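Q: Okay, here's what each chain looks like letter by letter:
Number of protein chains: 2
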Amino acid sequence: MENFIFQNPTKLIFGKGMIGQLAKEIPAGKRILVTFGGGSVRKNGVYDQVKEALKGFEVTEFWGIEANPKIETLRKAIELGKEKKVDYLLAVGGGSVIDGTKLISAGILYEGDAWDLVLKGCEKHTLPLGTVLTLPATGSEMNSGAVISRKETAEKYPFYSNYPVFSILDPTVTYTLPPYQVACGIADTFVHVMEQYMTTPGQSRLMDRWAEGIVHTLIEIAPEVLRKQDNYELMSEFMLCATMGLNGFVAMGVRQDWATHMIGHELTALHGLTHGATLAIVLPGLWRTLKQKKMAKLVQYGERIWHIDQGTDEERADKAIQKTEEFFKSLGLPTRLGDAGIGEETILEIQKRFTQRQVAFGEDQDVTAEIAGQILENCK
Amino acid sequence: MENFIFQNPTKLIFGKGMIGQLAKEIPAGKRILVTFGGGSVRKNGVYDQVKEALKGFEVTEFWGIEANPKIETLRKAIELGKEKKVDYLLAVGGGSVIDGTKLISAGILYEGDAWDLVLKGCEKHTLPLGTVLTLPATGSEMNSGAVISRKETAEKYPFYSNYPVFSILDPTVTYTLPPYQVACGIADTFVHVMEQYMTTPGQSRLMDRWAEGIVHTLIEIAPEVLRKQDNYELMSEFMLCATMGLNGFVAMGVRQDWATHMIGHELTALHGLTHGATLAIVLPGLWRTLKQKKMAKLVQYGERIWHIDQGTDEERADKAIQKTEEFFKSLGLPTRLGDAGIGEETILEIQKRFTQRQVAFGEDQDVTAEIAGQILENCK
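Line by line, the protein sequences give chains A and B.
Add 74 to a position in the first sequence, counting from 1, and you land on the number used in the numbering used here.
Add 74 to a position in the second sequence, counting from 1, and you land on the number used in the numbering used here.
Derived from the structure by calculation, the hints contain no laboratory data.
Heads up, some of the hints might be wrong.
A pair holds if it fits inside one copy or across any two, identical chains being indistinguishable in the list.
What the hints assert, rightly or not - Calculated lysine to any residue pairs in the SDA-like style (CA-CA distance at most 20 angstroms, straight line):
id, residue 1, residue 2
1, Lys98, Phe78
2, Lys454, Asn118
3, Lys90, Glu76
4, Lys129, Lys150
5, Lys198, Pro83
Keep in mind that this is a model prediction, so the values were computed, not measured.
Please model the entire structure based on the sequences and the hints provided.
A: What follows is the structure, encoded as structure tokens:
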């Protein structure tokens, strides 16, 4: 087990009707900037519940944080927040709204252009931020990460900022989500866990079991969730898995490999493909490419999750990868670049970008531009 | 899944050599009361490491917090803390030292007798507290609970106070623990997890998987830990399991049954039996008594943990209980009252106490004095 430091201060407020608790969590007298995505929260009742709960506070609303939040949009929110002298932020939405609001919470206290913060990071000097989650997927409601895009240059980068002070998770708000978003949320959660797991066995037996526990749960509930999206128990489980998948709880003392995400971000930046869908394409291709390196863990994963206990290690690993791809397909997601209409020129462009930025990913920082190209070839 | 609120702010600093980080975690200028148990930390090098790390701080030492910390001892530490005007506490020891120091951290700010706090609770008004853990078992290093005893009346009660600000867990400090303490620590961790798990299935699939993940890990490592107590990987796993077993991470949205602990506390209060050993006796007896009520979960547990997939539910449950008792025996622990020299008069005394206090335990508060008596009869 590697040495580690773990701390996650976010207060999780989970369950039906919990949005009503909002006012208790924000100190009286705060001037709140409430951020939203599109209009879905007007239809599913969340907006009305939030408005009701915030009676008595000085509230400014900012609408229109898009999927893969763009610096161009967030700059406007930062300007508005500065103008209104807000001192508290409340993000009401999915991972994109929360991610964007993390940058806003830093940007309001920063004098320069907020894109600087994306490039250089900002772990301090942020306004306090609460969230009301409407789409389980990214885990942003209980971590300090965010991913911000820049439209003019088609760039998309992760940055690290503040943990939400609190996050309210009411599973009933997910009943009316578009099924494709639910499928992408399941894939996103699945891959988050795998990026913290699929390296080598024996680093931590407990962390392995916990990661497998999330993946096992997702695989069990997925077919039911897709059929019964208004089932409270199922959606609670999905929502809890999504949050637990990326809040540090399965990352203690183990190495991580975020190459799938880094390659997936490029596909979104270049083609606007939904984040979870990019991961469903890249993960199996990455495993096919790095099969020798990840063999022992692929075998453990295959045996514990898919009950693959016959054959050579190579055969078992192949079978585990195949089962994973079939799982993504069963969610209705693309699993090959061709399914999403992405061709050779994108592979070359991504290789070029990684070469220019001189980056390398993976648990050993050995997924270079060249290897990323091979991975994408294996996603065709 | 039940509605829940989760928050655990403790900073976990885990790994070899991490005691050296102590000074970074305590604000400069603090007047620190450092609390210890007996002298074992002088022998294993922990005392020297702590002393070295705290150079430059104003430090007062308090020695002699015993196993099952007693209010009579803690009152002296509180008096010393008040006299020295300390404003930070550092507990260096196992669960008993940490538990006791939680009461000290509240008692220093309280004008009356600290036993009042045990009886009525104290969730605020505490001095900040850090810990250096030396014995994995109670989970106190990452939760807000404590258990305090009163010698003059042979009473032992839980109380809830503050989370440690930080806890330093260096697995190498466990190499020289007495093997019986290691065995008791494994049993304690095992039972903590079971008290949060063994109710009914289907409340949360994920929490079930995580609870099973800890228990699975403990069962896997236990024989090896007992043979190779200086193996870093094994002791890391044990230490991580103990902390994760009682920090709220496996308790989200599920009902809990702490009857085994409540009955076990009485055995310690009356006979001085080590906490983990009392649990190894009471848990199987409680399951034998409440088998019908807990049948479905016992069957799930038997199948997932002990691979019991044959027979009627009743037979499977019996087998699961038997395997659990055998596991405790394999640790060298007593599993029957007779093994610990405890007889009928103790059963009657505990029944009398529970009747007088009008208490009832368990997930449905239906473990009355009478049922507790039946449970203890089934521990004979």
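Q: Honestly, which of those hints from before does the structure not fit?
A: Checked against the structure, the hints that fail are numbers 2, 4, while the rest are satisfied.
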